[in-house]
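*Asks:* Read top to bottom, the protein sequences are chains A and B.
Each step along the first sequence adds one to the number in the numbering used here, with nothing skipped, and position 446 is 446.
Each step along the second sequence adds one to the number in the numbering used here, with nothing skipped, and position 76 is 76.
It is worth saying that the hints were derived from the structure and are not from the lab.
One should not assume that every hint holds.
Only pairs whose alpha carbons sit at most 27 Å apart, straight line, appear in this in silico DSS-like list of lysine-lysine [what the hints assert, rightly or not]:
(1) B/Lys64 x A/Lys284
(2) A/Lys304 x B/Lys64
(3) A/Lys38 x B/Lys293
(4) B/Lys432 x A/Lys13
(5) B/Lys293 x A/Lys405
(6) B/Lys42 x A/Lys231
(7) B/Lys124 x B/Lys293
(8) A/Lys169 x B/Lys64
(9) A/Lys198 x A/Lys169
(10) A/Lys172 x B/Lys291
No experiment lies behind these values; they were computed from the predicted model shown.
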Amino acid sequence: MHPYLAHTQEEIKEMLERIGLENIEDLFSDIPSEILFKEKLDFPVGKSELEIRDILYKLASENKSTLEYTSFLGGGAYDHYIPAIIPQLLLRQEFYTAYTPYQPEISQGTLQAIFEYQSMICELTGLQASNASLYDGATAAAEALFMAYEANKRKTFIINDTVNPETKKVIKTYLDFKGLSYVEAKSKDGLLDIDNLKEMLDSEVGAVLVQSPNYYGLVEDVEAIADLVHKNKSLLVQSADPISLGLFKTPGEIGADIAVGEGQVLGNTLNFGGPYLGYIACTKKLMRKLPGRIVGKTEDLDGKRGFVLTLQAREQHIRRERATSNITSNQALCALAANIYMAVMGKQGIQDVAKQCVDLSYYTAKALTANNNFKMKYNTPFFREFVIETPIKAADLLEKMLEKKFYAGIDLEPYTGSENELMIAVTEKMTKEKIDCFVKEMEACINE
Amino acid sequence: MNNYNALIIDHSRPGRRGYTLRNTEVDQIDLSEVFGSDLLRKESAELPEVSEPEVVRHFTNLSKKNFAVDEGMYPLGSCTMKYNPKINEEVAALAGFNNVHPLQPMSTVQGSLEVMYGLQNALKSISGMDQVSLLPSAGSQGELAGLMIIKAYLRENNQQYRNKIIIPDSSHGTNPASATMAGFETITIPSNENGTVDLQALKDAVGEDTAGFMLTNPNTLGLFETDILEIAEIVHGVGGLLYYDGANMNANLGITRPGDMGFDVLHYNLHKTFATPHGGGGPGSGPIGVKEKLVDFLPGHYIEKTDDGYTFSDNPKHTIGKVRSFHGNFGVMLKAYSYILSMGSDGLVSASQLAVLNANYLKESLKEDYVLPIKSVCKHEFVLSGLIEANGASTLDIAKRMMDYGYHPMTIYFPLIVEEAMMIEPTETETKETLDGFIIALKEIAEEAKTSPEKLKEAPISTLVRRLDEVTAARKPILTWK
């Protein structure tokens, strides 16, 4: 028998006897024979653990990871420092082999961890309520617009055209099937054009979603539109990178009603795109419209503090077709990573990480543009990521740099139509030495 | 550490820290000069100020307040809480998989793509579907994507008037919630006295407005829908599509295939059937499979093998659009693939057989003390309806008492069509001794209900906290430590 299974033939026989059957196949005798699968599944028989190691270690080595290559890739997933304690603690079996805390008396670990996560997300965003996390930043943005729709029943939304294209795609899918839609507010010099937004606002607009820092890394003045949006009786949603909130004004201070973002940067590995987590936080007023799991503090029969899943009347297992969302679980283990990250980095660490991203990305931008071979596309303040204009096609430059073992950035041609724009992300993990080498090689590539 | 009862913020003292960063060796940017003070945060976020050992001790102590599969039996019905193999964690932690950016060039991610390709093909074979997309993040999102595909397909065929999704009253709560999110109206039909689809009710419900019918087979009572071919004929006969909810696939591996039963679209739950850990509520992964006519509507690329290696397909012609960023929960896919390699085409069949054997063994052993509403042979799970001699003890009381006996309770009060429902799914990885211990515990609880019912009413008494006040928690929500 396979090592994950324990039954001996003798035991199987005893168990069948109690059931009153002779053969294990008899357990399936109710199934019409024309749908019984009579062939073999189309893949090999079980392999030993040694063989699995051989296969998967080899496949891992066939990837060119960001440890082997120097990466300046961002675009919604960032290579930040992950403290060693995070992967260690995530391997506590009590966390990772448990399920959704349906039975609070024996799930206080998971429940308290979520409560702490919610508390720290509220600290970062300056808002009053957070859920237990969503699938990723993109679905969190879509769910935020659904919340707005539930609040004011208006069917159109405005987003800045510099929202992450991955997020745009997901929002479009989610809205489309509910008969809702969005329009894009144009940007001017990379930033939201407020005059253009003013013209677009009307009584059909349920919410305005602004990503800041936007896709190009530029920091938007979201506060400047808050009154405008609220006078129109629309909701203001800010999509904000959580690391950036170590430095920049919070969605709460700005007057946003809902904040969302990609939580990968909080202690989660790149992992080829997932699993990540999306955070969503909102004002107290909108709390009961949040999708997904929420944990609240309470007391047990003896008056001892404890935590429970709460406000469950919003959820699918109670309200079925009238639920605020179909989401069932959250991204609990990813949220636990985020929780540990926020705890161990803490009040000062989140600022230091954000500041180092600024220092290193500004250093990179300055060094790259020093000889005027590369030019800054935008002359506005940016966070961690910036766009340069390249003298040769960005795609060609990327290919040349790849040969030198660099992931030099993201070619923006699919999004801007220009073949000469490259987006570069620099986190606190990057060293001056690597940046200097990168700049030298970039210069060399265009002179080849 | 039973009495550990601190929040991480309780350990915070000004000036403590739990991290180090290197000196960047570059010029320090003056933030207010570059950004202007208007854009900057006025006050720091009040995150904890704690040392590294305190953080480790805090979360280790928190972990001890959880019950988990590695400790004992966790028979949550429809959740498939099977053993989570450790080799899967080992390979998923490999640097070569972990440190890969989703936007790297194809030539640099061949290892990851091969994993996805292998998983995609195994899932196709297991379900009998023609193509699979690994993109959706969880079962519920797979369900949503699958329903969007149905809608897009009908739209493409100028059948927008088909706006009703039919759902049995025994279905998972996500079914109607997903249907609403995909912009459908739902019709709920009652089950018959055997707990399966009432064919007459289905015939009465279908019509020219039918978009589709959602079903999990075996259903939530653990019963195989033996009329499935007739059900498919009824639904297809009026032009509707058939959706398979893969939550209960652990009964089917290599034995029956949804594709052979007439289903057009389905989702898998990798965190259930394919042994990836539930993580305290995620991350899961919910790939979807479709028949040929729906391939053009998939939410994003799938993996193709070419002469130049593995690559993403072009976006399907009529794609519904992406339902999440990048390529899905790769880390979860990797663990599921490792599981499939280990079990193989032969081991998966044994897994389903033993899952069904275990469920029937429990069912037959408990029916003298607990109400068994449907007597016929079950599949991977079954549903009881409280105690035969309840003496005032509810299913909730029984569940709470089980904790004192060291077991995680079963799923309770679901499916909604069974009073005092106790939905039990033991999975194949529980030994006979464990099942026997579970049977004895439930029999003792049945005896206690007769002789000392207060033991059930007061339960649990051995846990770190006793029953919690959920009513006040919902009425006056306290969601943060502030």
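*Asks:* Indicate, hint by hint, whether the structure satisfies it.
*Replies:* To see whether the hints hold, each was checked on the structure:
A threshold of 27 Å between alpha carbons decides the hint, and for B/Lys64 with A/Lys284 the separation of about 32 Å lies outside it, so the pair is violated. For the given pair, A/Lys304 sits about 17 Å from B/Lys64 by alpha-carbon distance, which is consistent with the 27 Å threshold. With a C-alpha separation of about 25 Å, the suggested pair A/Lys38 and B/Lys293 falls inside the 27 Å cut-off, and the hint holds. With a C-alpha separation of about 11 Å, the suggested pairing of B/Lys432 with A/Lys13 holds against the 27 Å cut-off.
About 42 Å separates the Cα atoms of B/Lys293 and A/Lys405, which puts this hinted pair outside 27 Å; it is violated. Between the alpha carbons of B/Lys42 and A/Lys231 the distance comes to roughly 25 Å, so the proposed pair stays at or under 27 Å and holds. Annotation: proposed proximity of B/Lys124 to B/Lys293 holds, straight-line Cα distance about 15 Å (limit 27 Å). For a cut-off of 27 Å, the pair hint linking A/Lys169 to B/Lys64 is broken: about 41 Å separates their Cα positions.
For the given pair, A/Lys198 sits about 25 Å from A/Lys169 by alpha-carbon distance, which is consistent with the 27 Å threshold. Distance restraint check for A/Lys172 and B/Lys291: the Cα-Cα separation of roughly 25 Å lies within the 27 Å cut-off, and the hinted pair is therefore satisfied.
Hint violations for this structure: numbers 1, 5, 8, all remaining hints satisfied.
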